[in-house]
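Protein chains: 2
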Amino acid sequence: MLLSKLFIPITKDLPAEAKIKSHQLMLRTGLIRQASAGIYSWLPLGFKVMKKIEKIVREEQNIIGAQEMLMPTVQSADIWKESGRYDDYGEEMLRISDRQKREMLYGPTNEEQITEIFRTSVKSYKLLPQILYHIQWKFRDELRPRFGVMRCREFYMKDAYSFDLSEDDAVLSYNKMFFAYLKTFERLGLKSIPMKADTGPIGGDLSHEFIILAETGESKIYTDKRIFDIPINNYKNENNSLNQMRNDFSKFYSVTDEKFDPNDFNKKVKKNDQLQTKGIEVGHIFYFGDKYSKPMNCSVDGKDGKKIFVKMGSYGIGVSRLVAAIIEAKFNNDKMKWPKAVSPFDVVIIPAINKNDNSNIEKSSKIYSLLKEKGIDVLLDDVEENISNKFKKHDLLGIPYQIVVGSKSTKDQFEFKEVGKDPQVFEINKIINILKK
Amino acid sequence: MLLSKLFIPITKDLPAEAKIKSHQLMLRTGLIRQASAGIYSWLPLGFKVMKKIEKIVREEQNIIGAQEMLMPTVQSADIWKESGRYDDYGEEMLRISDRQKREMLYGPTNEEQITEIFRTSVKSYKLLPQILYHIQWKFRDELRPRFGVMRCREFYMKDAYSFDLSEDDAVLSYNKMFFAYLKTFERLGLKSIPMKADTGPIGGDLSHEFIILAETGESKIYTDKRIFDIPINNYKNENNSLNQMRNDFSKFYSVTDEKFDPNDFNKKVKKNDQLQTKGIEVGHIFYFGDKYSKPMNCSVDGKDGKKIFVKMGSYGIGVSRLVAAIIEAKFNNDKMKWPKAVSPFDVVIIPAINKNDNSNIEKSSKIYSLLKEKGIDVLLDDVEENISNKFKKHDLLGIPYQIVVGSKSTKDQFEFKEVGKDPQVFEINKIINILKK
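Chains as they are written, first to last, in the numbering used here: chain A, 1 to 437; chain B, 1 to 437.
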């Protein structure tokens, strides 16, 4: 892509309400634009990052055998009355009356809707276990939407739902999802900690939040550093290994400030291993048994012919929120560096453009074509602007690799830089090999 | 995927309102499930087909240089008041009042929203031309939603918007989109005809509908058969070639019944070339100049410093509707055959399962693993059911290729069938080659 053609309106004047780094950066680099309070449009660059996150989330869901589907955004109020949550949910639920005066709502979550689908679809224990998920827009009518897409009203979420015959089976589904979440966040370049959590309005008796480290996070966290040394990729997607994983994680102290007790912390964690920092919740998983299946009469015939209410869990990842969370975790000293896996481009070519001398831009075009041929997603900064302004702009755009075509480049050798490291001069083939890794 | 694990609830009892083939088939094969009037959930199989359609639509948009973004589903009423359409739109617009009593709406289309983004983002002629698009859920509160996802309330649409300096430039953008649409429908395995159309509530003075042939379609069409011989892939994405394409298409008589005149038809089209049939609208493109940019004050500074209202067009493809439209076009004699490009699976393995003899299912499992290794998306029908029921089921599921593992298969040779053709007996490597083509 040529930067001159990319629709990336860079805003210099920040609105007063943009108080946190991710919100500021997303506006300044044209990732998003506010449509109305707590509602955003995703411009091409932000859209691209979000789609890359979505793809990784999807792949890890598929690996554990979850099946993707898609429920609508607008739901009937009837099913929420059946579960008893229609009145409980309060003003955060966006209630809608259609032209026939039917009570509808913009779904804030989908426990009721998936339970309704399941109860009319599955009659026999033979079809269990099942995990179904979708990645769909949700709406929560926050009283005070803020922090950009971090706490907005219309947001993009992956929510999965598991259906099992027994509590033991349901714990296996829960553990699979726990595993998938750890792998997802690792692939996104994030350090995540699963923490025992309260279940809140979803209900149930087993729940974990997944928090990623970011000094600007909303949640204070207290943890044993050694939790990061647990080798996630050594576990396997089968019962014993997943139980082992849950045990291994439970050995390390790790709580948010709600549950923090300094005496306990000092007793259980050696001074050297103590980590006090902040974090952002990016995932939340719940096991709630028959909380929905019972009032909504979602049962299957068991082996003995008796009706069994299915045991359910639900599992959320905030896909749109993750874009902001990654920025909060990775933005440092006024510089952004996207993790390779979700960067809007693999590499940017930055030519020094001199008046009356096209040689740098011509060299750059050649490299650009070559990289594209090799399947590398490359941005060429062909904007006429002085090189120091360009560097400032790319400090914010955060593409992790730069090829600088200027005084240090010769016919075959170019200045190549991984953001945050010293530049080096390499032949183009070496650069391609690094980018393809 | 094993059929026994796939969430594909097959409904035998059809609701009375399912009157057309695609609606019936989509319910019977578990592609969709109604959530409420005119609102559907997409179950795994239907979701997969829709995603494949979406991918092809996206690729062809990207090829002509359109940039993908994503606007929210919920819009502020303010911008619709600016354009003057807030009152015009009537009851089809789903109006929403949020907790602060602000007037919002669930977007039925996005001309206002994209114009608002553009006017605050682009100030100079240098950034034109631009084509932006998104693929997002829309809502139209139909008085009588019917025909399943063909005329539903919540639907998935690709809508693109072009921005140009002059009418000539705008026609080039229009022609690019015209070209992309023809290529999109061709890749989806459909015969499409572009037809001059009225502009309706979008407005403007140039418009084409893209209609695909289906005997059950809503629109009667009268056309010169030779329009299908125009070799779409001979045109190129540049001005002269695209003008030629528009000329070539305009040579052939082609109208819906609104504009049909039998005398004209007989005069302009030889008897042998006359085709009278029915069709389904799957795309619609519009050029409307400054209809939105003027009232919404969306202008750029021209070369001479004077303000120019940008010239706009909009371009829709009904992605969710296409799933049904493809069924209407391809369902024949109670049998479905998905076009290869959008089939939920590349091939299905159908073993004859005999009591006390596992050999067919074992053979099938081996083929299954081998095909998966080769990157082929294969379904194994491991359900215990007699073979004639299986065939009936697969007549409806419509996966275009079948490998039947039964009496005619030997150690290395299997019955291989393309739906609608005679079965043949092939070695597995030959089968793999055919599937990979």
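Since the hints were derived computationally from the structure, they do not count as laboratory data. Be aware that one or more of the hints could be misleading.
Chain copies aren't distinguished; within one or between two, either way the pair holds.
Claimed, not checked - The list that follows gives simulated cross-link-like pairs (lysine-lysine, BS3-like), each with its CA atoms no further than 27 Å apart:
(1) Lys-372 x Lys-12
(2) Lys-81 x Lys-191
(3) Lys-421 x Lys-408
(4) Lys-123 x Lys-12
(5) Lys-5 x Lys-306
(6) Lys-126 x Lys-12
| request: Starting from the hint list further up, note which numbers the structure goes against and sort them upward. | output: Failing hints, ascending: 1, 2.
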